[in-house]
Every structure is written in structure tokens, then in C-alpha cells.
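Student: Chains as they are written, first to last, in the numbering used here: chain A, 3 to 114; chain C, 166 to 278.
Hints in this document: simulated from the structure, not taken from any laboratory.
All C-beta atoms in this analysis are idealised placements derived from N, C-alpha and C, irrespective of residue type, glycine included.
Accuracy of the hints is not assured; some may be wrong.
As the list claims (entries may be wrong) - Below, computed lysine-lysine pairings styled on DSS-like, alpha-carbon distance capped at 27 Å: (1) A:K16 x C:K222; (2) A:K11 x C:K222; (3) A:K59 x A:K11.
Stated by the list, open to error - Some chain A residues well away from chain C (every beta-carbon gap over 12 Å; in silico): (4) K16; (5) G18; (6) Q24; (7) K73; (8) L103; (9) Q110.
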Amino acid sequence: NAGVTQTPKFQVLKTGQSMTLQCAQDMNHNSMYWYRQDPGMGLRLIYYSASEGTTDKGEVPNGYNVSRLNKREFSLRLESAAPSQTSVYFCASSGLRDEKLFFGSGTQLSVL
Amino acid sequence: TQLLEQSPQFLSIQEGENLTVYCNSSSVFSSLQWYRQEPGEGPVLLVTVVTGGEVKKLKRLTFQFGDARKDSSLHITAAQTGDTGLYLCAGEVTGASGSRLTFGEGTQLTVNP
Numbered sequence: 003n004a005g006v007t008q009t010p011k012f013q014v015l016k017t018g019q020s021m022t023l024q025c026a027q028d029m030n031h032n033s034m035y036w037y038r039q040d041p042g043m044g045l046r047l048i049y050y051s052a053s054e055g056t057t058d059k060g061e062v063p064n065g066y067n068v069s070r071l072n073k074r075e076f077s078l079r080l081e082s083a084a085p086s087q088t089s090v091y092f093c094a095s096s097g098l099r100d101e102k103l104f105f106g107s108g109t110q111l112s113v114l
Numbered sequence: 166t167q168l169l170e171q172s173p174q175f176l177s178i179q180e181g182e183n184l185t186v187y188c189n190s191s192s193v194f195s196s197l198q199w200y201r202q203e204p205g206e207g208p209v210l211l212v213t214v215v216t217g218g219e220v221k222k223l224k225r226l227t228f229q230f231g232d233a234r235k236d237s238s239l240h241i242t243a244a245q246t247g248d249t250g251l252y253l254c255a256g257e258v259t260g261a262s263g264s265r266l267t268f269g270e271g272t273q274l275t276v277n278p
């Protein structure tokens, strides 16, 4: 009964370092999403994947890349981390695009 | 500029009190979702409203969708400490390029014993 699993839970990077956030869901959902959450800004969509094999930019895609590895997994990559990318990142999935979203527990990322 | 404005941003009340949280926009939504988020966790869906004027009840929580589908409210009766959390509304806008879900910035509710 795992739902949406994100790793890691916490990460500290230096400016310019790269890293990949992993996300997997076991609900056979078609759509997956990456959001970032910042104080006073709500949740902002970075990238989404409406179905396996497709990815699209969201509201704030600059500085990020994604890979929909298969139906279960959707990863988010920061190629050259910047302090402005310090945030809490959430992965989510849904059966259909933008219907009920199931969220992971988040990754707290700090870029120094 | 936020597409969805939530108010108040912060709310601190005593256990047993009633409260209302608002979610407003100038856009028309095809549906609106309310989520609750606890510290260190992701948001969890509480309810989805679809029809203008719709009212949904979930125990002590009452959700209303405005007649014009531009606004929504969440009313909690006799708040409990377990209601503490961040309440987020998310509106779905459907356009030529498909649908888009936009989140408000949230209302941080603290219920004190």
C-alpha cells in the first residue's frame, strides 16, 4: 500500500552540482507530475507526464529535466543546481490528467 | 499574480470554534479540489466540486462551489486540534491546449487546545 514513493527525503547540494530525484507509483496511474512548493507560492508545476512516453513543461520548467522511465517511474533531474532551486519537491500521480492527485511525502532540497 | 487567491493566509483559533477559508479567482473552473497537507507530508485530497452551487459535506467540513464556478469556500464546524494543517485549493481550467490544474498558496490553520 505504498502509493507514491519519493527519494531522497532530504538533500543538500552545492551550487553547480547535479542530482536526480526519483519517484515511483504502484497505482497503475497514467499521469505523473513534479511540483515545487515554496512559502507563499503554493504548489507550482515543473513538468508532467500525461502518459508513458510523453512529458510536457509546466509552469516553472527552467533548470530541470524529466524522464518517464516507464509507467511507474518519473524522475526529475537538476543538471546544475542553483540556490533558487532550494525548495520542497513533490511527485504526484493520477489516473487521468488532473483528476484526484496522490502525492509523495516530498524531498527537502537545499542548494548552498 | 496568483490565479487562485486563498484567504486568510494564516488562521489560529481555539478548539470548538467555527471557521471559513476562501478560494477566489477571476477565472471559471471546470472543477475545484481541496487538499489538506500536514507537516512533512504531501497534500491529501479532501473533496472535488464540479457543479456551480454544489455543496459537499465531509463530517464537520462543508465545501461550497460558487454559482459562477469562480470561487469556493471551506467551512469547519467545531474545529479540533486534528484539523491543524495547510489547506490548499486547486482549480482546473480547461482551454484549447487542454486542462491545467492551478494551486492556491494555501491557508495555514492552527487549532489550539
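Student: Now tell me if each hint is right for this structure.
Tutor: Comparing the hints with the structure gives:
Straight-line distance between C-alpha atoms of K16 (chain A) and K222 (chain C) comes to about 47 Å, which puts the hinted pair past the 27 Å bound. For the hint linking K11 (chain A) to K222 (chain C), the alpha-carbon distance of about 34 Å lies beyond 27 Å, and the restraint is violated. Restraint check for K59 (chain A) and K11 (chain A): satisfied, since their Cα atoms lie roughly 24 Å apart, inside the 27 Å limit. At roughly 25 Å from the closest C-beta of chain C, the C-beta of K16 (chain A) stays outside 12 Å, upholding its exclusion from the interface.
Even its closest Cβ contact with chain C, about 28 Å, leaves G18 (chain A) beyond 12 Å, as expected for a residue assigned away from the interface. Distance check on Q24 (chain A): its Cβ is at least 15 Å (rounded) from any Cβ of chain C, clearing the 12 Å threshold; non-interface status holds. Every CB of chain C lies more than 12 Å from the CB of K73 (chain A), the least distance being 20 Å, so the non-interface label holds. The Cβ of L103 (chain A) does not lie farther than 12 Å from every Cβ of chain C; its closest approach is about 7 Å, which violates its non-interface assignment.
The Cβ of Q110 (chain A) sits about 9 Å from the closest Cβ of chain C, inside the 12 Å cut-off, so the non-interface label is violated.
Figure legend: structure checked against the earlier numbered hints; hints not met, in rising order: 1, 2, 8 and 9.
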